[in-house]
Amino acid sequence: MKNFFGRPVTDYLLSAGLAASAAAFLATAWGYAPDARAFPAAVASLLLTLCALDLAGLTDTAAGKIIRKSLNPTIKEPAGAELSTQAAAVLSLAALVAALVLLGIEIAVPLYLITSLRFRARRPWASCFAIAAGVSAAMWLLFVAVLRLDLYRGYLLTRFVTAG
Amino acid sequence: MLHLWLEGFQNLLQARELLFLGLGMLIGLFFGAIPGLGGGAALALIAPLTYGLEPFTALALAGGVMGAVPMGGSITAILLNAPGTAPNAATCLDGYPLAQQGKAGLALGAAASANALGGIIGTVSVLAVLPVAKQLVLLFGPPELFLLAVLGLVIVSTSARGRFLRGLLTGCFGLLISFIGYNDITGVLRFTGGIQYLWDGVHLVPALIGLFALAEMIQLSVSGGTIAKGSRELTISSMTSGLVETFRHWPAVLRGSLIGTVVGAIPGVGGTVASFLSYSMTARASKDPESFGTGNIAGVIAPEAAINAKDGSCLIPTLAFGIPGGVEMAVFLGLLVLHGLQPGPLMLMNHQVEIYGLIWALTGACILGSCMGLLLARPLARLTLVDSRVLVPIVTTVALLGSWAVDRSIENVVVTALFGILGYLMIRLDYPRLTLVVAMVLGATAERNFHQAAIMGDGGVSIYLHRAPSLVLLIGIAAVLVTPLIRRVFGRQRNTTTLPEAAR
Chain A
1 MKNFFGRPVT DYLLSAGLAA SAAAFLATAW GYAPDARAFP AAVASLLLTL
51 CALDLAGLTD TAAGKIIRKS LNPTIKEPAG AELSTQAAAV LSLAALVAAL
101 VLLGIEIAVP LYLITSLRFR ARRPWASCFA IAAGVSAAMW LLFVAVLRLD
151 LYRGYLLTRF VTAG
Chain B
1 MLHLWLEGFQ NLLQARELLF LGLGMLIGLF FGAIPGLGGG AALALIAPLT
51 YGLEPFTALA LAGGVMGAVP MGGSITAILL NAPGTAPNAA TCLDGYPLAQ
101 QGKAGLALGA AASANALGGI IGTVSVLAVL PVAKQLVLLF GPPELFLLAV
151 LGLVIVSTSA RGRFLRGLLT GCFGLLISFI GYNDITGVLR FTGGIQYLWD
201 GVHLVPALIG LFALAEMIQL SVSGGTIAKG SRELTISSMT SGLVETFRHW
251 PAVLRGSLIG TVVGAIPGVG GTVASFLSYS MTARASKDPE SFGTGNIAGV
301 IAPEAAINAK DGSCLIPTLA FGIPGGVEMA VFLGLLVLHG LQPGPLMLMN
351 HQVEIYGLIW ALTGACILGS CMGLLLARPL ARLTLVDSRV LVPIVTTVAL
401 LGSWAVDRSI ENVVVTALFG ILGYLMIRLD YPRLTLVVAM VLGATAERNF
451 HQAAIMGDGG VSIYLHRAPS LVLLIGIAAV LVTPLIRRVF GRQRNTTTLP
501 EAAR
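Here the protein sequences line up with chains A and B, keeping their order.
First residue of the first sequence? That's 1 in our numbering, and the numbers climb one at a time after it.
First residue of the second sequence? That's 1 in our numbering, and the numbers climb one at a time after it.
Hints listed in this document are in silico derivations from the structure and should not be mistaken for laboratory results.
Treat the hints with care, since some could be wrong.
Here are a few chain B residues that face chain A, going by a calculated C-beta distance under 7 Å [claimed, not checked]:
#1 Arg16
#2 Leu169
#3 Leu175
#4 Thr186
#5 Ile218
#6 Ser221
#7 Gly225
#8 Arg389
#9 Val390
#10 Pro393
#11 Ile410
#12 Leu418
#13 Leu425
#14 Asp430
#15 Arg448
#16 Met456
Cβ pair distances, simulated, as ranges [to be verified]:
#17 Leu19/B with Ala33/A: 47 to 53 Å
#18 Pro73/A with Ala479/B: 19 to 25 Å
#19 Ala23/A with Gln14/B: 50 to 56 Å
#20 Tyr155/A with His3/B: 51 to 57 Å
#21 Lys287/B with Leu91/A: 53 to 59 Å
#22 Gly340/B with Pro8/A: 43 to 49 Å
#23 His3/B with Thr49/A: 17 to 23 Å
#24 Thr49/A with Leu19/B: 34 to 40 Å
#25 Tyr155/A with Met456/B: 45 to 51 Å
#26 Ser127/A with Ile195/B: 37 to 43 Å
Glycine included, every Cβ here is placed at the ideal spot set by N, Cα and C.
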């Protein structure tokens, strides 16, 4: 892991991301009428300042230690976890979201459950199918039978199958 | 007032309301028993499912959840040393040693009865304070409401123990998120990036589901194993003796309930402070303080009474001013908004029957949830031994479907996932999520009242100095900001206890 001022680069990730968002809000706010931008611009400017302080406080420098001690004295060091494990957890979530958007709820839910339970949890096929069927049935009962909602059918299905 | 109180009770006694109250208790026990999830995640998950329900029915469901979560948390705290919710961590200190001595039943019985009594005392306090709160809120106009929102944010930021800077930082980010969408004061669409879905702003409930339920699932997926690390024996013996012990230790019940009630009414302080404060004060008052931590039953009773008493008083700032007392209340605010009940001064005027119904539901859930918790102690505790690789896909799926169901918008699913990743990063890098949520809830109110106050004061800020309530609030904000600095200067900063993750 690359270090920056004595700390892993990933430790700066969130604060830097928030600073970037604040800068984007500030730049966008400038295009609005004075009334509409007054409050957001003030908050975005404050957030930029706070992010700068937080980023400085993360560094292993004398100034960083002073900031940390006075403004963030009890922050915990991130617990050790493999980057690949974290990426896998996030990618698995992204895959489910993509499947829901593209394939719809009825296909994505059982597909995701079966693949997750089989390939990540290493459960027997029968158990995977049983759990997926149980969750899908509960979902159908609640949304379709009780709440009378039409389940989302997915972009691909709506665009190509229904249109065709 | 009495007729409103009775009307609220009568409304709750309808079959449908009772059914949803019972369902809420089951959900609350279930989520309370799973460490890391707790009341915030449970409410976030059920909120979209209440779509289409009558507001009163939804409140009965939410009351059931909120009243039963602490009991669910006590079960795993006592049996497995794994507190289901952060405040239950104090119960572990003596509850788990009792379970190790084969007295799990005694501890569970005491926890259940202390929970129920604490809940009742907390409710009575709310009922006593609500009429006064109504008179108080009539004094509040736009300048006061703006300052109140600022005060809420500052209190929550400073209560992010030892992470003041980060509390303010995530609070400001929450405010920025709340500015997205159509601004009804200026009539301008802001920060939508041309995305039509964002015209209504970032939808609160999908964001909350992401920040709490999904973030915890990512965290669990990364840490692996089971929620209760390692498998443990589950031995539960006689529980009725616990009930007798609770009445024998009535000063601990009373002390815990009073601490819970007072602490719960202060926004942002939360149940963890209440339970630990109650525990330490009971230990200090005891003739045998050395026995605390080794299996003293008073060490179970005191925090449990405080936890449920806090639930009732948390409603005061939440309903009267729209300032949530903690994470659970912040999510509850989202649920109220979803049902068209805008928390704040007007809610106390226009929705009194719903408020009293909610209080009844909460009280009922405290008592019945404790009984139900005792019956379900063993199967609930087993949930914590389920492999995370099985639990995570199921809960993740339910969370995303719940988010979609809010208004049947697939964009909600994307928002939930994005907030889930943000929430995970916040847990991992130790940024408080509570301030982000509170700011997202209060942001729009703060801006609207800021503009209205500016119009009232002809653009000047002197209006804040000429009104007595405003001046009091300004002094309050200054005091909250300056107190930690003064404490540090005089070297009275106490060593803060490292809190469980769910408290953060």
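We went through each hint and held it up to the structure:
Residue-level restraint check for Arg16/B is violated (minimum Cβ-Cβ distance to chain A is 13 Å; threshold 7 Å). With its C-beta approaching chain A no nearer than about 4 Å, Leu169/B sits inside the 7 Å limit, and its interface hint holds. Interface restraint check for Leu175/B: the shortest CB-CB distance to chain A comes to about 5 Å, inside 7 Å, so the restraint holds. Satisfaction of the interface hint for Thr186/B is found here, the shortest Cβ-Cβ separation to chain A being roughly 4 Å, below the 7 Å cut-off.
Interface hint status for Ile218/B: upheld, as the beta-carbon distance to the closest one in chain A is roughly 5 Å, under 7 Å. Checking Ser221/B against chain A: minimum C-beta separation of about 4 Å stays under 7 Å; hint holds. With a least beta-carbon distance of about 12 Å to chain A, the hint placing Gly225/B at the interface is violated under the 7 Å criterion. Of the supplied interface hints, the one on Arg389/B holds, with its beta-carbon coming within about 4 Å of a beta-carbon of chain A, less than 7 Å.
With its C-beta approaching chain A no nearer than about 5 Å, Val390/B sits inside the 7 Å limit, and its interface hint holds. Evaluation of the Pro393/B hint against chain A yields a held restraint, the C-beta minimum of about 4 Å falling below 7 Å. For Ile410/B, the interface hint holds, since its Cβ comes within 7 Å of a Cβ in chain A; the closest pair sits about 5 Å apart. At its closest, the beta carbon of Leu418/B sits 9 Å from a beta carbon of chain A; the interface hint therefore is violated under the 7 Å criterion.
With its C-beta approaching chain A no nearer than about 5 Å, Leu425/B sits inside the 7 Å limit, and its interface hint holds. With a cut of 7 Å, the hint placing Asp430/B at the interface with chain A holds, because the nearest CB-to-CB distance is about 5 Å. Taken as an interface hint, Arg448/B does not check out: its beta carbon lies about 10 Å from the nearest beta carbon of chain A, beyond 7 Å. Proximity of Met456/B to chain A is violated relative to the hint, the smallest CB-CB distance being about 15 Å (cut-off 7 Å).
Separation of Leu19/B from Ala33/A is about 51 Å and conforms to the stated range, judged on CB atoms against 47 to 53 Å. Pro73/A and Ala479/B have their C-beta atoms about 21 Å apart, which keeps the hinted 19 to 25 Å range intact. Remark: the range hint 50 to 56 Å for Ala23/A to Gln14/B is upheld by a beta-carbon distance near 53 Å. Distance hint check for Tyr155/A and His3/B: the Cβ-Cβ separation is about 54 Å, which falls inside the suggested range of 51 to 57 Å.
Distance hint check: the CB atoms of Lys287/B and Leu91/A are about 58 Å apart, consistent with the given range 53 to 59 Å. At roughly 47 Å, the beta-carbon separation of Gly340/B and Pro8/A lies within the given 43 to 49 Å, and the hint holds. For His3/B and Thr49/A, the Cβ-Cβ distance of about 53 Å falls outside the hinted range of 17 to 23 Å, so the restraint is violated. Between Thr49/A and Leu19/B the C-beta distance comes to about 52 Å, which lies outside the given range of 34 to 40 Å.
Between Tyr155/A and Met456/B, the C-beta spacing of about 49 Å keeps the proposed range 45 to 51 Å intact. For the pair Ser127/A and Ile195/B, the beta carbons lie near 41 Å from each other, so the given range of 37 to 43 Å is met.
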